[in-house]
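Participant: Using the sequences plus the hints, can you model the full thing?
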Amino acid sequence: MAKKFFIVELTSEEREELKGIINKGKGAAYKQRHARILLLADKGPEGVGMTDEQIARAVYCGEATVERLRKRLVEEGFEAALERHKSRRRYERKLDGDTEAHLIALACGQPPKGRKRWTLRLLADKMVELDYVETLSYQTVRRTLKKTKLSLG
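Once you know that position 64 of the sequence shown is 64 in the working numbering, the rest is easy, because the numbers rise by one and skip nothing.
Please note: incorrect hints may appear among the correct ones.
Stated by the list, open to error - Under the rule of at most 35 Å between Cα atoms (straight-line distance), these lysine-lysine pairs were calculated in the DSBU-like manner:
(1) Lys31 / Lys19
(2) Lys94 / Lys43
(3) Lys71 / Lys24
(4) Lys113 / Lys146
(5) Lys146 / Lys94
(6) Lys147 / Lys113
(7) Lys94 / Lys116
(8) Lys146 / Lys126
(9) Lys86 / Lys31
(10) Lys113 / Lys94
(11) Lys86 / Lys113
(12) Lys86 / Lys149
(13) Lys19 / Lys71
(14) Lys26 / Lys71
(15) Lys71 / Lys43
(16) Lys116 / Lys149
(17) Lys86 / Lys19
To be clear, the hints were calculated from the coordinates, so they are not data collected in a lab.
Facilitator: This is the structure:
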């Protein structure tokens, strides 16, 4: 499959904004790097128009970073190209308020016979055994107990 090239042509206002970001020297490093990349990639009348390889060497980043930034500028716009890309991953919570309450009640109750206290793994296994959840990691139990400032020790 042929590689798609995204041509960067900045307006004079955009170019001035990018130069301002770089000249201030304040702000996030990624934003300054994005500004440098876009200025070097500009193929407009006042632009430098460097290749991705040259830009990557000049800015000390990977060529893929330059390619993604060009693509984001063309497809999503100037402001989106300056910001970090938002993660699209969404994690579904294993425990809601009710199951958290059951976990806390279980942790505060008597440990199983032959045990002096509850362990995180025992709590996770007991929650599954009691059918509160299908699966549960001991790390989820740890985070939940930490969030509620409940200590097993």
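Participant: All hints, please: hold or fail.
Facilitator: Hints, one by one, checked against the model:
1. As the CA atoms of Lys31 and Lys19 are separated by approximately 12 Å, the hinted pair is consistent with the 35 Å bound.
2. With a C-alpha separation of about 50 Å, the suggested pairing of Lys94 with Lys43 is violated against the 35 Å cut-off.
3. A hinted pair counts as satisfied when its Cα atoms are at most 35 Å apart, and Lys71 with Lys24 qualifies at roughly 26 Å.
4. Simply put, Lys113 and Lys146 have alpha-carbon atoms about 25 Å apart, close enough for the 35 Å limit, and the pair holds.
5. About 16 Å separates the Cα atoms of Lys146 and Lys94, which keeps this hinted pair within 35 Å; it holds.
6. For a cut-off of 35 Å, the pair hint linking Lys147 to Lys113 stands: about 27 Å separates their Cα positions.
7. For the hint linking Lys94 to Lys116, the alpha-carbon distance of about 27 Å falls within 35 Å, and the restraint holds.
8. With a CA separation close to 18 Å, the supplied pair Lys146 and Lys126 stays within the 35 Å bound.
9. In summary, the hint linking Lys86 to Lys31 is supported, as the alpha carbons are separated by about 14 Å, within the 35 Å threshold.
10. In summary, the hint linking Lys113 to Lys94 is supported, as the alpha carbons are separated by about 27 Å, within the 35 Å threshold.
11. The straight-line distance between the Cα atoms of Lys86 and Lys113 is roughly 48 Å, outside the 35 Å bound, and the hint therefore fails.
12. Note on Lys86 and Lys149: the hinted pairing holds, with a Cα-Cα distance of about 31 Å set against a maximum of 35 Å.
13. A distance of roughly 21 Å separates the Cα atoms of Lys19 and Lys71; the hinted pair therefore holds under the 35 Å criterion.
14. For the proposed pair Lys26 and Lys71, the alpha carbon gap of about 26 Å is at most 35 Å, so the pair holds.
15. Restraint check for Lys71 and Lys43: satisfied, since their Cα atoms lie roughly 14 Å apart, inside the 35 Å limit.
16. A C-alpha spacing of about 21 Å is found between Lys116 and Lys149, which places the hinted pair at or below 35 Å, so the restraint holds.
17. Of the pairs offered as hints, the one joining Lys86 and Lys19 holds, with about 24 Å between alpha carbons and a cut-off of 35 Å not exceeded.
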